[in-house]
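Novice: Sequence:
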Amino acid sequence: MDDIKYGEILMPGDEETQKEQEKSVRRKFWPTLRKAARHIPFSRDVVAAFYCALDPQTPTRVRGILLAALGYFVMPVDIIPDFFAVIGFSDDVAVLTLAFSMIRGHIRQEHYDAADRALQSEPEAVKTA
Numbered sequence: 001m002d003d004i005k006y007g008e009i010l011m012p013g014d015e016e017t018q019k020e021q022e023k024s025v026r027r028k029f030w031p032t033l034r035k036a037a038r039h040i041p042f043s044r045d046v047v048a049a050f051y052c053a054l055d056p057q058t059p060t061r062v063r064g065i066l067l068a069a070l071g072y073f074v075m076p077v078d079i080i081p082d083f084f085a086v087i088g089f090s091d092d093v094a095v096l097t098l099a100f101s102m103i104r105g106h107i108r109q110e111h112y113d114a115a116d117r118a119l120q121s122e123p124e125a126v127k128t129a
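Okay, so the sequence shown: first residue is 1 according to this note's numbering, each after it adds one.
Don't read these hints as lab results, they were simulated from the structure.
In this text, all values refer to a predicted model and were calculated from it rather than measured experimentally.
Glycine residues also receive a C-beta, built at the ideal position from the N, C-alpha and C atoms.
Incorrect hints may appear among the rest.
Taking CB as the label site, the calculated pair distances span [stated by the list, open to error]:
1. Glu16 x Ala37: 30 to 38 Å
2. Glu16 x Arg44: 26 to 34 Å
3. Glu20 x Met102: 16 to 24 Å
4. Thr60 x Leu98: 17 to 25 Å
5. Thr17 x Gln120: 31 to 39 Å
6. Met102 x Met75: 25 to 33 Å
7. Gln120 x Pro41: 12 to 20 Å
8. Arg117 x Asp14: 14 to 22 Å
9. Ser101 x Lys28: 17 to 25 Å
10. Asp116 x Glu16: 26 to 34 Å
11. Glu16 x Ser43: 27 to 35 Å
12. Met75 x Gln109: 23 to 31 Å
13. Arg61 x Glu110: 29 to 37 Å
Work out the full structure, taking the sequences as your base and the hints as a guide.
Specialist: Okay, structure coming up:
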């Protein structure tokens, strides 16, 4: 696991890469979050990051970093498979934590408000921030 280059995972990518990441994240985010919620202590931040990544007002580089991190989170193939209880999401947590440190300040209160609404209701019915 020492040879993992998390910085490479979080490369924002070009516009086409970001569009593909966004499609994947939109499709797989909620099912993956439901499975991971009890293992990830900062689920609210992950959901706020989801809304920040989909917000057209978010700078392109920040969107790219978040989409890459969330794309890694929803990937079915993982460095540590998610079906291993507790440790299965540790690599996802590491990637998300790194992404959050790179984009600190771009996740706004409105993204957290949308996250709170989504976590209290059926997420698919909630509009993006």
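Novice: Which hints from the list above does the structure break, by number from lowest to highest?
Specialist: Those not satisfied are hints 6, 8 and 13.
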